[in-house]
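Engineer: Listed here are the chains, written in short residue letters.
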Amino acid sequence: MLLRYRGGAGMLAWALHRIAGVALWLFILLHVFDIWLAAANPALYDEVLKVYASLPGRIGEALIGAALLYHALNGLRIIALDFWPRLTRYHLQLWYACWIVFFVAGIPGAYLIVAPALGLPGLKG
Amino acid sequence: MAVITRAGRGRPRSGGFELAVWYLIRLSGVALFVLALSHFSITHFVSDPAVQTSQWIFGERWGGLLWRTLDWLMLQMVVFHAFLGMRTVFTDYLRGGARTAVLMTLYLVAFLVFVLGTVAVMSMPVGLVR
Chain A
1 MLLRYRGGAG MLAWALHRIA GVALWLFILL HVFDIWLAAA NPALYDEVLK
51 VYASLPGRIG EALIGAALLY HALNGLRIIA LDFWPRLTRY HLQLWYACWI
101 VFFVAGIPGA YLIVAPALGL PGLKG
Chain B
1 MAVITRAGRG RPRSGGFELA VWYLIRLSGV ALFVLALSHF SITHFVSDPA
51 VQTSQWIFGE RWGGLLWRTL DWLMLQMVVF HAFLGMRTVF TDYLRGGART
101 AVLMTLYLVA FLVFVLGTVA VMSMPVGLVR
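These protein sequence lines map, in sequence, to chains A and B. The working numbering puts the first residue of the first sequence at 1, with every later residue one more than the last. The working numbering puts the first residue of the second sequence at 1, with every later residue one more than the last.
What the hints contain is simulated information worked out from the structure, not anything from laboratory work. Even for Gly, the Cβ is constructed at its ideal location relative to N, Cα and C. Please note: incorrect hints may appear among the correct ones.
To be verified - What the simulated footprint calls covered on chain B by chain A, stretch by stretch (three residues with Cβ under 8 Å from a Cβ of chain A suffice, anywhere in the stretch; the number is not a length):
# : segment
1 : 28-36
2 : 113-121
Said to hold, decoys possible - Taking beta-carbon pairs under 10 Å as the criterion, some of the chain B residues facing chain A (in silico):
# : residue
3 : Arg9
4 : Ala50
5 : Gln52
6 : Thr88
7 : Asp92
Construct the complete structure from the given sequences, taking the supplied hints into account.
Structural biologist: In structure tokens form, the structure reads like this:
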């Protein structure tokens with residue numbers, strides 16, 4: 001649906017920004033609650049932490065990281081275009097630049113997050 | 001003069017509250033670019049979720065007031081940014097009574113999230129492990 005709609009790259013950039021934003025909002029509801037739990041009920045929080053450190057938990061964190069990184073990079077692009085409208089001529093190039101940074105930072109990042117659960121070498125050996 | 005780009009929402013012509021929201025989203029966005037990305041890097045690359053027990057949080061991560069203050073600042077930015085963002089999303093898709101009801105619920109949840117996060121930052125004992 002997203003790819004067939006006539007909006008092109010600008011529309012896809014907007015849709016992904018919105019989907020990532022809603023996902024991050026949902027995660028923040030969960031995350032503020034779990035940190036509150038760390039203060040209110042430390043033992044229960046430590047149980048929840050085991051889920052975060054598990055393989056499915058880490059895959060979820062890599063996805064949250066991806067949503068955060070895309071939303072952050074594309075957000076800077078939006079701000080740049082809003083405050084320097086003459087950049088709008090290069091909005092597509094800026095979007096591609098976002099994707100380059102996204103993959104260059106994101107692929108090693110995702111590996112480092114998931115590696116400990118698979119017994120693969122990571123930052124902590 | 002409204003500036004319409006293909007990337008974001010045009011700067012509201014009406015001024016007032018909507019214009020303030022437009023600027024706040026962007027300002028808190030720049031702050032979060034630094035705060036949220038560094039927070040994510042610290043919790044996943046400098047440290048690792050496997051060791052982040054509640055002991056680790058109030059002993060190491062929040063062992064000093066500087067880190068608590070920075071994380072509390074991030075909480076404020078995130079409440080502004082995420083909930084004003086969701087306000088824009090809901091305003092796009094809802095009309096009339098449903099919009100009013102959902103937005104009022106949204107503001108209530110924003111307040112609760114802010115209170116919950118503030119209680120966590122303030123109520124944890126400082127640096128017991130050290």
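Engineer: Of the hints stated earlier, which fail here?
Structural biologist: As far as the earlier hints go, not one is violated by this structure.
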